[in-house]
Each structure stands twice: as C-alpha cells, then as structure tokens.
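*Asks:* Protein chains in written order, with our numbering: chain A, 340 to 818; chain B, 868 to 943.
FYI, nobody ran anything at the bench for these hints, they're computed from the structure. These figures come from a predicted structure and were not determined experimentally. Heads up, the beta-carbon is just placed ideally off N, CA and C, and yes, glycines get one too. Accuracy of the hints is not assured; some may be wrong.
[Unchecked claim] Derived DSS-like pairs: lysine-lysine, alpha-carbon spacing no greater than 30 Å straight-line:
id, chain 1, residue 1, chain 2, residue 2
1, A, Lys763, A, Lys395
2, A, Lys763, B, Lys908
3, B, Lys935, B, Lys908
4, B, Lys908, A, Lys761
5, A, Lys761, B, Lys935
6, A, Lys395, B, Lys908
7, B, Lys904, A, Lys763
[To be verified] Facing chain B, from chain A, some residues (calculated, C-beta under 8 Å):
id, residue
8, Ser384
9, Ile386
10, Thr415
11, Gln417
12, Pro418
13, Leu419
14, Gly422
15, Ser425
16, Trp652
17, Gln656
18, Arg663
19, Ile758
20, Gly760
[Claimed, not checked] Across the chosen pairs, the derived CB separations fall in these ranges:
id, chain 1, residue 1, chain 2, residue 2, range
21, A, Ile812, B, Met868, 52 to 58 Å
22, A, Ile397, B, Met868, 53 to 59 Å
23, A, Met667, B, Val896, 56 to 62 Å
24, B, Trp941, A, Trp792, 57 to 63 Å
25, B, Met868, A, Leu510, 54 to 60 Å
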Amino acid sequence: MELVTAALQSGLASLASYLAAHVLLCLVPAFFIAGALSALVPQQSIIHYLGPDAPKYISYPAAASAGSLLAVCSCTVQPLFAGIYSKGAGLGPAVAFLFFAPAANILALSYTGVALGAEFAIARIVLALCFGIGIGLLMALIFRRSEMVRTGANATNGVFAKGEGIPRQNLIFLGVLIALLIGGTLKLDWLITPLFSTTLHWDLATTVQAVLDRLVPVNEIRGAEGLSLQGLMLIAMLLLIGGVGFRGLGQVDNGFNRQTPVALALIAATLIFAALDIRAIDGGLVVTITGRSLAVLVLITAILPLARRFDLWDMQQWLWETWRFVRMIFPLLVVGVFLVGVIRIFIQPEWVQFIAGSNTVLANLAGVAFGVFMYFPTLVEVPIAKMFLSLGMHPGPLIAYLMADPELSLQSILITSAIIGKLKAWTYVGLVALFSTLAGLTYGAWVDGTSLWLLVMGVLGIVGLIVGSLHLIDRTRVA
Amino acid sequence: MLIKILGSGCAKCNRLEQLTREVVAELGVEATFEHVKEIDKIMAYPIMTTPALVVDEEVKVSGRIPGKDELRGWLS
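Pulled out of the complex, with its shape left as it was, chain B reads as follows (with noise of 0.2 Å):
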C-alpha cells in the first residue's frame, strides 16, 4: 500500500511517520512512504490540518496524532 504523511515536516509530523513505520513493521505489511511537504500539494487533500495520514489515496486522519490502536486498524 502507499501511505502519504502529510506535514510541514513539523515535531508532529515526524513523530506520525515514526509510529506509522513502527506499526507497518509490527504487521509486517507492504508500504512504500512518502512524505509530502509542498503546501500546494497537501492542499489537493481535503484536509485543513497537519499533520495527516493518506493510505492510499485516502485521508485516515488530519491534525491529531492517532494511537497505534487505531493506526493498526487502517493499515492492517
């Protein structure tokens, strides 16, 4: 699966693609990262806040930091 974060690259933000690695590797799933920092393009999301979490294509979660409880829900 393709899983975008979303972010300035703010405190936040790297701390979402730390516990998002940290899950994918618990589960042991395909994914290939990105990290999207061009405002432009993180303004194509509907989304108004960082940092945010996209798997495929889809917005799981913007502006907050999730558990790893509900991280595994999406990527598993």
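Bound-form chain A, shown alone (with noise of 0.2 Å):
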C-alpha cells in the first residue's frame, strides 16, 4: 500500500513539474511556433533548393533546415522524404533529412533545454547537424553505384521552381514568437532580476501550501519541485483554456468564432501569470514583478497587431495548426510524464549508475539500444531522459539515448525501408546507432573535460577513417 501511494506521489510530482511555470513559458509558445512554421512558412520557399542539381554544399544544409522548418509534423516527414530522394537532391540530403528533423524540431529543442538545460539541447542541434550531414554523405558514397544507376522516371517539372520567398511581416511575425520563447525560458541576469514586490494579504498562504506540499513533496535530490499555489493556478487556468479551446480553436478554420478570442486572451493571461513569481509566506502571498514578467507581457502586446496585418486565413490556419499540435502531442505527454514518476520509484539509481554512470563506450551502447528498442511518443523521451539524468546516467550516454530514440523506432524504419528499399534502410540504421553511440562519447569526454579540439580532431579523425577505409575497399573491388 505504501508503495503505491509512493508511486502516485511520484507520478503527481513530475506532473507538477511538468506543469510548472517555466515549462509553461517554453511549451506554450513552442506549440503556437510549430503552428506558425506549419502553416505560415511557404514549403517551396526550401525546396527549390532541394533540387537534382543542387550542389552538396546548398542541399546538405537545406535538407537540414528543411528537417527542422518543415518537417514539425510527422506526416510531411514521409513525403517530403520520398520526394527529396526519388527526385530531388538524392540519398544522401534524403537521410540528412531523416536525421535531423525529430531532433531539432522546435518543440523538441525547447523542451530539451528547459527540462534538462540549455547545454542539452546545443549538444542535440550541434550533433544532429553534423553527424546527420555525415550519415547522409556517407549513404551516398557507399551506395552511389546503385544511385548512379537509379533513373529519374519521377515527373519532376515545376516541383523545384523558385517559389515565393517567406514573406517579411511572416517572418517578424516568426521573430516576434521564439523572442516569447527565449524571453520567458532563459535564465539571464536582467530577467530574473526583481524589479517590483507586493504582499497580498491572505490568511490561508501558508495553510494551503503545507497541504499542497503534503500531496506533492518537494524532494530536491530526486528533482521533485513540489506543487506552488502559482503551480495550482496555472493548472486551473489549463484546463480552462483546455475547455475553450476545443471549439475556439479547435474549430477555428470555420471562421473566428466567439470562444476564439476567450482562448486567446486566456491563454495570454496564463503565459503572463506563469512569468510573475509567487511565493506563499505566513499570512499572504509575495507577488514579484521581474525583468521576465515585462518581457513576456511586451512580447504577447505586439502579437496582436501583428497578427492583424494577416489575412485572415492565414491566421485561422495558424491557430488551427497550433490547437492540432497540442491535441496530438499534449495528452500523451502528459500521460507519458506521469507514468515516468511512477516507474522512477521502481528504479533504483545504483541500477542505472552500473550500467552508464560513467562515459564508457558500453555504457553509450546500452543507451544507444535502449533508445532502439523503446519506443516513446513524441517528446516524451525528455521526461524520460530527465529521470535518467535525476538516477545518475552520465550526460554522454544520456545524449547518446536522445539521439538514437527519436531517430530509430520500428515505425520509422519500416517507412524508410518502403522507400529506400531493405539493404538501404538497415545500412542506415547501423550508422545511425554507430554515430549516436559516438555523439554520446564526444558529448561525455567534453562534460568530463576533454578540450573541444581534440575532440573535434578525434571525430573528423574516425570519420575520415570510415570515409577512406569505404573507399580503399570500393577500389579494390572494382580492381
């Protein structure tokens, strides 16, 4: 019995967490950006860069932007895919793709850095980027006698044509949103600074907070920040916003109507809230005004005249794209959340510090195949990670699970291969799991305190080992 009501308790906790203020600050405004990348970006606007003749030098990197511009939704990943190998820039850009787009979507990037630390999530973009553009380029050399081959019967007449560009005002209006982002995650000096406190007189502060605190323990080692009063609120004020939203967004594509802007000024209000800072002392509340307080309230005033210099259906579509996300990804995440508080109580930490307490290359394998063999919906894999940090997992490994788990599910394997064909496919999952085991190492040797050039010298040494050892063999069979 005891264990049970421990394991809830846990599972309590790392929802409140989940729903504290900060990750609020990050999640709220990272769904409203993927809305905006969905429905505000034009796609030809990249892939008129994507094209057959393409030097490596443009399609590598735009294969990647469009991996993290594009590709929020998992159903433009497949076309998009399919597209870019059979008739565009060709196999290698195709996994560049691949790779890169779960890992640097916006949601997964914001999330990342507040859940486990801005150094997480540079370490997930940075690698991401260099070691998708490295899988991919060594694709397209071992298999570039059977691409040589491979003919382009695909009709590809307007598809790579120079498209509209991403419009100015879309573009501010873009701008505008990731500086709601930053401003209400980052943790500098003049956001944090208090500029102004006052004291509500309430008798009850200290009496609800104890039960609060008696429902949700605070518990630091374990990362467990306990449920505030602001956290209570803020719960409230989702499910609210929950409630209205299903028709004033949900149904939003049908034309503003008369919950759309309820929601919106709800959710304004939310984010506003969240950015304040509450304490609870003996007999009333301290409410501090910060430097993020007046960052976040600025950034949600200039939005709206902003947003009225859209068509309007450009913005329905906007708001429709953002309520889709959250109805997708929000519900299993939260159920993800909890059932990692509550498996957490069943782990126990020397466990998981024998097995990748130290940045070995057994340990990067172990979180290399755990990330293969689970598989976790969207985002969940941070809470996840969270909770292995929390056990004691080594950051290398850590980030060698961040990367193989997103990249390599049974589901994504099997559309690759549908595409690519089996031999391909299997290649590239090889690869994926050799580079993120050594993603996982650099990462490891850097946080122990490895210099950043002999790193940088190590990688490019091994890879230009693998690249020249491929070709060496090549040669010799054609001899």
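The task is to assemble the complex, starting from two chains supplied on their own in separate frames and drawing on the hints.
*Replies:* The structure is reproduced here in structure tokens:
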C-alpha cells in the first residue's frame, strides 16, 4: 500500500513539475511557433534548394533546415523524404533530412532546453547537424553505384521551381514568437532580477501551501519541485483553456467564433501569470514582477497588431495548426510524464549508475540500445531522459540515448525501408547506432573536461577513417 | 470532373478533402473523389509535400490547405 502511494505521489510530482511555470513558458510558445511554421512558411521557399542539380554544400544544409522548419509534423516527413530521394537531391540529403528532423524541431529543442538544461539542447542540435550530414554523405558514398543506375523516372517538372520566398511580415511574426519563447525561458540576469514586489494579504496562504506540500512533496535530490499555489492556479487555467480551446481553436478554420478570443485571452493571461513569481509567506502571498514578466507582457501585446496585418485565412490556419499539435502531443505527453514519475520509484539509482554511470563505450551502447528498443511518443523521451539524469546517468550516454530514440523506432525503420529498400534502410540504422554512440562519447568526454579541439580532431579522424576505408574497399572491388 | 486528394491520411489531408467536398456541394458540380494514399502513386505527381489537390490530373495546390475562395476558382 505504501508503495502504491509513493508511486502515485511520484507520478503527481512529475506532472506538477511538468506543468510548472517555466515549462509552460517554453511549451506554449513552442506550440504556437510549430503552428506558425506549419501554416505560414511556404514550403517551396526551402524545397527549391533541394533539386537534383543543387550542389552538395547547398543541398545538405537545405535538407537539414527543411528538417527543422517544415517537418514539425510527421505527415510531412514521409512525402518530403520520398520526394528528396526520388526526384531531388538524392539519397544523401534525404537521409540528412530524416536524421535531423526529429532531433531539431522547435518543440523537441525547447523542451529539452528547459527540462534538461540549455547545454543539452545545444549539444542535441549541433551533434545532430554534424552527424546527420555525416551519415547522409556516407550513405551517398556507400550506395553511389546503385544511385547512378537509378533513373529519374518521376515527374519533376516545376517541383523545384523558385517559389515565393517567406514574406517579411511572416518572418517578423515568427521572430516575435521566438523572442517570447526565449524571453520566457532563458535564465539571464536581467530577466530574473526582481523589479517590483508586493504582498497580498491572505491568512490561509501557508496552510494551503502546507496541504499541497503534503500531497506532492518537494524532493530536491530527486528533482521533484513540488506544487506551488501558482502551479495549482496554472493547472486550473490550463484546464479552462482546454475546455474553451476545443471550439475556440479547434474549429477556427470555419471562421472565428465567440470562444476564439476567450481562448486566446486565457492563453495570454496564463503566460503572463506564469511569468510572475509568487511565493506563500506567513499571512499572505508575495508577488514579484521580474524582467521576465515585463518581457512576456510586451511581446504578447506586440503579437496582436502583427497578427492583424495577416489575411484572416492565414491566422485561422495558424491557430488551427497550433491546436492540432496541442491535441496530438499534449495528452500523450501528460500521460507519459505521469507514468515516468510512477516508474521512477521502482528503478534503483544503483542499476542506472552501474550500467551508464560513466562515459564508456559500453555505457553509450546501452543508451543507444535502450533508445532503439523503446518507443515513446514525441517529446516523452525528454522526461525519460530527465529521470535517468536524476538517477545518476552520465550526460554522455544520455545524449546517445536522446539521439537514438527519436531516430530509430520500428515505425520509422519500416517507412524508410519501404521508400529506399531494405539494404539501405538497415545500413542507415547501423550508421545511426554507430554515430549516436560516437555522439554520446564525444559529449560525455566534453562534460568530463576534454578540450574541444581534441574532440573535433578525434571525430574528424574517425569519420575520415571510415570514409577512407570505404573508398579503399570500393577500389579493390573494382580492380 | 475527377478530383484527387493526395496524402498519407493525415489530419491536414482529411481537412482538405472535407473542404473540397463542401465547395463541390456548394457549386453543385459533378465530381468523383479519390483519396490517394500510396506514396509511390503520390510521388508520380510533381509534388514534394502533402496534402495536394489534383483536379483532372492537374496539380492545383500542394503542401497547404487553400481557402474556400481559391477552391471555388479551381472547381467552377
């Protein structure tokens, strides 16, 4: 019985810290950015760099940026991958795109940054970019014979035509949303400094907080943040948004209805409220306004006049896409986060530390293997990584896991092999496993204090060795 | 006329089909609908992104959902 209570409490604690102010300030803008990328960025603006005649130094970076800008939704990944492979720049860029997409979309990055720390988010994007392009180049090299045989039988007329660029007002709009995300999450000095503080008189403040503390205990060793009064309010506001959003945002593509402004106002209020700092003291609540609160307030106010300059249809699409992402990802994430908290009780830190407590090849391989054989819905890999981190996993194997998990699920392997064939797909899987291990080792070594230059040289050396030996094998086979 | 919706069955693709059907009903034109889900059949058209709308074998739009006014222009 005690174990059940402990497990439930751990699940609740995990949910509470997930719904805490700093996570909301990151995820809510991230959902709106994802919606805007999907609705307001003309896909042609990037696709025309991916034609069959594009030089390598353009097609590979373009494929990677298509991965992070266009592929927020899995339904664009498959046709875009097939398209780049069969009509456009070929196998290499297609693979780079496939690798980069899940690691570098705005939702995954911002959530990683807030839950695990900015250095993990940066490591994730830099390593994914380097190794994604590396794997793409390798695949193109390994299969270059069959690639040359493959003829462009598919219709390409006009696909890579230079379409309209991204309009300037769309870029400004995206910029403000991204500023909101950054302003709400970064821990810069001028954002945290208190500007103004006031005490609201409320006798019951400490009593209520004590009840909350008993329900969801704070445990700093485990990273459980407990549930504050502010957190409780935020959860209530989120539930309200959920209620209004179904009609207000979910059906906005039929035109703005009466609940749309209500939902939007509620979301704005929630964000501003989350940016305040509220603490319970004896006999009242201390409300502190920080630089962050002001920044969030100003940016949200700036969105309204900017949004008015768009076509009504564009705005409807934006809100509809945003709500679609929320509905697709949020429920799974909430359940996932709760379950992660429950499971955590049953995992002994000694096990994790024994397998992956230090940055060894074996530990990194274990991280990759766990990522390959476990399938988690989008973003749930992040709370799982956070759990492992708090249980004592070394950051190196953790990055190896974070790289391998979204890249290699059974589903993605099946889709890939249907498009490019079994041999190529399994080669890809092998390379991803290899490079994820390498990525983990590299990051782990960096955390342990190895100098950056040494690491860059090491990685370049290994990649050079692989490319060189492939080249040699190829030549002996011909001779 | 023959209207094809190209898409892997994602939410956007279904939404496009629904919108197109609504416009067809409004205009009262004769049309047969086909929802193409096989990736190799989709790739036979000159598009890179779904959903796409094909009217009488001519690609009208791909990668986004058009507004109803745009749809009316193509279908009447």
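*Asks:* Confirm or reject each hint.
*Replies:* Hint check:
1. A/Lys763 with A/Lys395: holds (20 Å)
2. A/Lys763 with B/Lys908: holds (21 Å)
3. B/Lys935 with B/Lys908: holds (26 Å)
4. B/Lys908 with A/Lys761: Given pair B/Lys908, A/Lys761 holds - Cα atoms ~20 Å apart, limit 30 Å.
5. A/Lys761 with B/Lys935: The hint is violated at about 42 Å.
6. A/Lys395 with B/Lys908: With a Cα-Cα distance of about 28 Å, the restraint between A/Lys395 and B/Lys908 holds, given a limit of 30 Å.
7. B/Lys904 with A/Lys763: holds (23 Å)
8. Ser384: violated (11 Å)
9. Ile386: holds (5 Å)
10. Thr415: Status holds, d = 6 Å.
11. Gln417: The hint holds - A/Gln417 has a Cβ within 8 Å of chain B, the shortest such distance being about 6 Å.
12. Pro418: With Cβ-Cβ at 5 Å, under 8 Å, it holds.
13. Leu419: holds (6 Å)
14. Gly422: holds (4 Å)
15. Ser425: Holds. Min distance 6 Å.
16. Trp652: Where the cut-off is 8 Å and the nearest Cβ of chain B is about 4 Å from A/Trp652, the hint holds.
17. Gln656: holds (6 Å)
18. Arg663: holds (6 Å)
19. Ile758: holds (7 Å)
20. Gly760: Nearest chain B Cβ about 13 Å off; hint violated.
21. A/Ile812 with B/Met868: 52 to 58 Å: holds (55 Å)
22. A/Ile397 with B/Met868: 53 to 59 Å: Given about 39 Å between the Cβ atoms, the range is violated.
23. A/Met667 with B/Val896: 56 to 62 Å: violated (34 Å)
24. B/Trp941 with A/Trp792: 57 to 63 Å: Given a distance of about 58 Å, which is inside 57 to 63 Å, the answer is holds.
25. B/Met868 with A/Leu510: 54 to 60 Å: For A/Leu510 against B/Met868, whose Cβ atoms are near 38 Å apart, the range 54 to 60 Å is violated.
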